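**Q** Protein chains in written order, with the numbering used here: chain X, 1 to 493; chain E, 1 to 493.
It should be emphasised that the hints constitute simulated quantities derived from the structure, not laboratory data. Note that the structure is a prediction, hence the values are computed from the model and not measured. Do not take every clue at face value.
Stated by the list, open to error - Straight-line alpha carbon distances no greater than 27 Å define the calculated DSSO-like cross-link-like pairs of lysine-lysine that follow:
| id | chain 1 | residue 1 | chain 2 | residue 2 |
| --- | --- | --- | --- | --- |
| 1 | X | K351 | E | K90 |
| 2 | X | K90 | E | K283 |
| 3 | E | K283 | X | K59 |
There are 2 protein chains.
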Amino acid sequence: MFDLTATGPEIDKAVYKEKLATLREALLDAQYELQHKKSFPVVIIVSGVNGAGKSDVVKALNTWMDPRHIQSHALGKSTQEELERPAMWKFWRCLPRKGAIAIFFGSWYSYPMRQHIKGAKDQAYLDEYLDDFMRFEQMLCDEGALILKFWLHRSKDNLKARFTDLESHPNTKWQVSRQNWKDLNTYDNMLPVAKHVLEKTSTEQAPWIVVSAQNKYTRDLTVGKTLLDALHNRLNKNQPQPTAPLPFPIAQNFDPNNLLKALDLSQSLDKKAYKKQLAKYQKRLHRLVHKKAFRNKSMVIVFEGNDAAGKGGTIRRVTESLDPRLYEIVPICAPNDEERAQPYLWRFWRKLPRQGHTTIFDRSWYGRVLVERVEGLLPEKNWRRGYGEINDFERTMNLHGVIVFKFWLAISPDEQLTRFKDREATGYKRFKLTDEDWRNRSLHEGYVQAVCDMVDETSTQQVPWTLIEANSKYFARIKVLKTICKRLKAELK
Amino acid sequence: MFDLTATGPEIDKAVYKEKLATLREALLDAQYELQHKKSFPVVIIVSGVNGAGKSDVVKALNTWMDPRHIQSHALGKSTQEELERPAMWKFWRCLPRKGAIAIFFGSWYSYPMRQHIKGAKDQAYLDEYLDDFMRFEQMLCDEGALILKFWLHRSKDNLKARFTDLESHPNTKWQVSRQNWKDLNTYDNMLPVAKHVLEKTSTEQAPWIVVSAQNKYTRDLTVGKTLLDALHNRLNKNQPQPTAPLPFPIAQNFDPNNLLKALDLSQSLDKKAYKKQLAKYQKRLHRLVHKKAFRNKSMVIVFEGNDAAGKGGTIRRVTESLDPRLYEIVPICAPNDEERAQPYLWRFWRKLPRQGHTTIFDRSWYGRVLVERVEGLLPEKNWRRGYGEINDFERTMNLHGVIVFKFWLAISPDEQLTRFKDREATGYKRFKLTDEDWRNRSLHEGYVQAVCDMVDETSTQQVPWTLIEANSKYFARIKVLKTICKRLKAELK
Numbered sequence: 001m002f003d004l005t006a007t008g009p010e011i012d013k014a015v016y017k018e019k020l021a022t023l024r025e026a027l028l029d030a031q032y033e034l035q036h037k038k039s040f041p042v043v044i045i046v047s048g049v050n051g052a053g054k055s056d057v058v059k060a061l062n063t064w065m066d067p068r069h070i071q072s073h074a075l076g077k078s079t080q081e082e083l084e085r086p087a088m089w090k091f092w093r094c095l096p097r098k099g100a101i102a103i104f105f106g107s108w109y110s111y112p113m114r115q116h117i118k119g120a121k122d123q124a125y126l127d128e129y130l131d132d133f134m135r136f137e138q139m140l141c142d143e144g145a146l147i148l149k150f151w152l153h154r155s156k157d158n159l160k161a162r163f164t165d166l167e168s169h170p171n172t173k174w175q176v177s178r179q180n181w182k183d184l185n186t187y188d189n190m191l192p193v194a195k196h197v198l199e200k201t202s203t204e205q206a207p208w209i210v211v212s213a214q215n216k217y218t219r220d221l222t223v224g225k226t227l228l229d230a231l232h233n234r235l236n237k238n239q240p241q242p243t244a245p246l247p248f249p250i251a252q253n254f255d256p257n258n259l260l261k262a263l264d265l266s267q268s269l270d271k272k273a274y275k276k277q278l279a280k281y282q283k284r285l286h287r288l289v290h291k292k293a294f295r296n297k298s299m300v301i302v303f304e305g306n307d308a309a310g311k312g313g314t315i316r317r318v319t320e321s322l323d324p325r326l327y328e329i330v331p332i333c334a335p336n337d338e339e340r341a342q343p344y345l346w347r348f349w350r351k352l353p354r355q356g357h358t359t360i361f362d363r364s365w366y367g368r369v370l371v372e373r374v375e376g377l378l379p380e381k382n383w384r385r386g387y388g389e390i391n392d393f394e395r396t397m398n399l400h401g402v403i404v405f406k407f408w409l410a411i412s413p414d415e416q417l418t419r420f421k422d423r424e425a426t427g428y429k430r431f432k433l434t435d436e437d438w439r440n441r442s443l444h445e446g447y448v449q450a451v452c453d454m455v456d457e458t459s460t461q462q463v464p465w466t467l468i469e470a471n472s473k474y475f476a477r478i479k480v481l482k483t484i485c486k487r488l489k490a491e492l493k
Numbered sequence: 001m002f003d004l005t006a007t008g009p010e011i012d013k014a015v016y017k018e019k020l021a022t023l024r025e026a027l028l029d030a031q032y033e034l035q036h037k038k039s040f041p042v043v044i045i046v047s048g049v050n051g052a053g054k055s056d057v058v059k060a061l062n063t064w065m066d067p068r069h070i071q072s073h074a075l076g077k078s079t080q081e082e083l084e085r086p087a088m089w090k091f092w093r094c095l096p097r098k099g100a101i102a103i104f105f106g107s108w109y110s111y112p113m114r115q116h117i118k119g120a121k122d123q124a125y126l127d128e129y130l131d132d133f134m135r136f137e138q139m140l141c142d143e144g145a146l147i148l149k150f151w152l153h154r155s156k157d158n159l160k161a162r163f164t165d166l167e168s169h170p171n172t173k174w175q176v177s178r179q180n181w182k183d184l185n186t187y188d189n190m191l192p193v194a195k196h197v198l199e200k201t202s203t204e205q206a207p208w209i210v211v212s213a214q215n216k217y218t219r220d221l222t223v224g225k226t227l228l229d230a231l232h233n234r235l236n237k238n239q240p241q242p243t244a245p246l247p248f249p250i251a252q253n254f255d256p257n258n259l260l261k262a263l264d265l266s267q268s269l270d271k272k273a274y275k276k277q278l279a280k281y282q283k284r285l286h287r288l289v290h291k292k293a294f295r296n297k298s299m300v301i302v303f304e305g306n307d308a309a310g311k312g313g314t315i316r317r318v319t320e321s322l323d324p325r326l327y328e329i330v331p332i333c334a335p336n337d338e339e340r341a342q343p344y345l346w347r348f349w350r351k352l353p354r355q356g357h358t359t360i361f362d363r364s365w366y367g368r369v370l371v372e373r374v375e376g377l378l379p380e381k382n383w384r385r386g387y388g389e390i391n392d393f394e395r396t397m398n399l400h401g402v403i404v405f406k407f408w409l410a411i412s413p414d415e416q417l418t419r420f421k422d423r424e425a426t427g428y429k430r431f432k433l434t435d436e437d438w439r440n441r442s443l444h445e446g447y448v449q450a451v452c453d454m455v456d457e458t459s460t461q462q463v464p465w466t467l468i469e470a471n472s473k474y475f476a477r478i479k480v481l482k483t484i485c486k487r488l489k490a491e492l493k
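In isolation and in its complexed conformation, chain X is listed as follows (with noise of 0.2 Å):
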């Protein structure tokens, strides 16, 4: 499928300074013309073989176009910030915004290449890694992103014959380090894999354009070239006009004895025996997380609920057991302009904890398939592949050693209508209701559905939802810590 042994034209330096003159100002008013309509991002892979000149075509970019508005990042060695957090998280830190570019040296295909070319990590290990960049690359497309990925290729004859070349004019020679030597003698390893790396996860959304490195010039301006083509595509594409679809339907054939229905919601708890458990699970959280064994690991804690549902005081009661250096809690409401501008998981990404620490949301990266859903928000395919975008995400958690916790806080329309009214006698400001309130009320049957598909859906056995009978709130906060130090103490043995 890739031909690595074909080379491009060469072309002389006339020809391409005349053809750059051209390429550049349309490179320039492309530039100008995504920053402007800020619709989406640009991610760039600048990867290939070493030696192929890829700092010299990411510095080519950067003196062709604007530079302010583009990124280059390397991200070497991981930080220990990084190395805390999933591996992932160092590349979410840095995507850009919807209207600017960044680029990617090597990206995050390198790492799992060259422990894999080293032979220090068989080929499975590696397909791993391909298989979920190809759904993170799948995503950052479906959230808008253009992802162009190069390969600059040069035989291993060519580099050799360069790498000689520099290496007799003293004015040259620095430009050859031992490291290039070294790489040389490991490319027929490298050869094959970055074929199959190539092969399997070019896509017709994320290609990989294979661009031969032999003659700088037609290199360049073929990266150029290919980028100011797939720039004019997507900004002359017809933007579909964000009209907004119509909340989905209640499916006919819906179950009526589905598992919210199911739940028996009239299980309570007595005040004393309430206070008794509440002391002993709380104190026997507090034990936990001051393990030893907690200190390289680390918590998320998602809250998600009917209005009124106890989220807020069921949090507290957690939070009691913990120590408030180690915690953060993360109230999840409209997104602002910054969050707004990536994809819909980053603003979550950037709030994962270091290790030792946990982090409460209230509510969460669940408002895709719940409250956007519903309300519709969003077009039917959108929450959709919601679904497996967030089980990616907490399998990735997961993997890392973030323990993941997921709770639904049911409460009956009944039990809603007691608490509202209640809450609309009290005097305190802080339990006003708003008109909001009463409207997402009415929409009780859809969410009942949007709960249900999405525990059927994102309940896997690492990440499980519980679901909590929440009608008495004693209970609902009993069956939460419960719930949290019986897993903890599976995980921290």
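Using the hints provided, position chain E relative to the given structure of chain X.
**A** Frame of chain X, contents of chain E only:
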């Protein structure tokens, strides 16, 4: 001034419980109001004698109020990412947004106090820090923050008795650590240092509140009550109506022979000389930033100037010498949501480069004393304090080894008109003029005065302004490159 021997009234559990119920409701309501008005951030420092129960106090605050809008920060050992920036960077990272509360354990005071207490550093060293902290806190207050600094106190005898008591029971023995006894040994060294810090840095706007911690009920209630009063006080204060202040009038006696008028804008360079010198200085700059000595430094370059003065083109000539992996260009336009909820310097702090890296600001924090002043977006006292705050900011960078350059690119009104007309004539969208460009032009005289004042107030020996005669683009670019090379050479010796 501060009496560190007095003890608070002993209250018992029953009184505590009774008082707490009222206090807690009031705190929750105040917090709710704060969070909804989003009018100011709250910074709480919890410091004091080791063993006085800082954690317990922070925990109490988190339990009494809604912990979803409180962040607690311990900030012990700095991470590598933090060490590579000025020491205050890690605190800037976790400043609360308007409407939120951040609690700092010990805070910025901890490190220099500890150094002085253990005898590693003298009082002059400590006092230098204290001066910085006071200016920092003053700035936070001027930007609207409510700051409360609690010092939790216990006498040496009281601590000793408590530790002995705890150790005598098998159930509580674990609560006393070896560090507690060690700290008790240095208590007599600590006491005068604490007194000194409290006396020196307690201001009307950011007062220290000494709280007797010998009785835990008194301690917690005092902290809670003080916080409540401070919140009420601020929330009920009539917020100054945000009427647009008038543009600052041009001083009648403004010197017509000011430093901008004194520039010889006729200086130029022909194309041939330009090309030669460009190659020379770009090469030199490239060599300088690749020196080993630069790896422990970083560079910040600020570009300000008249519209159409050629900032973009000049920036590109600088970045052509830099490795794209090692610089970032930050174009400054209107702040986003997140930035607006913070002190105005926040968005520049968050962009400070790591070691070996460069950040180029295309427009900068000087917007405070340029556009915001000239357009009348701020009351005079606000932009006036900007000078001192900016000097502090740049001094902090300088002390940390950040090499800071500031360029003002000056063109004459005639030259600007020519460039505007050229832009109107070109077909390139990216050069399209906006109404604002024309309007800014009409404010020319205001800018002249603002620039002269800015240079007077903020050109320091360590971080000087360089005025660039930019009627000739060639001349301007070379002068900028030359200035950078010369200073870098001196700094990297």
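**Q** Tell me if the straight-line CA distance from E/K283 to X/K59 falls inside 27 Å.
**A** 15 Å, holds
**Q** Has the given pair, X/K351 with E/K90, been kept, meaning a C-alpha gap of at most 27 Å?
**A** 16 Å, holds
**Q** Assess, step by step, whether the Cα of X/K90 is no farther than 27 Å from the Cα of E/K283, and give holds or violated.
**A** 32 Å, violated
Going down the numbered hints, you'll see the structure goes against just number 2.
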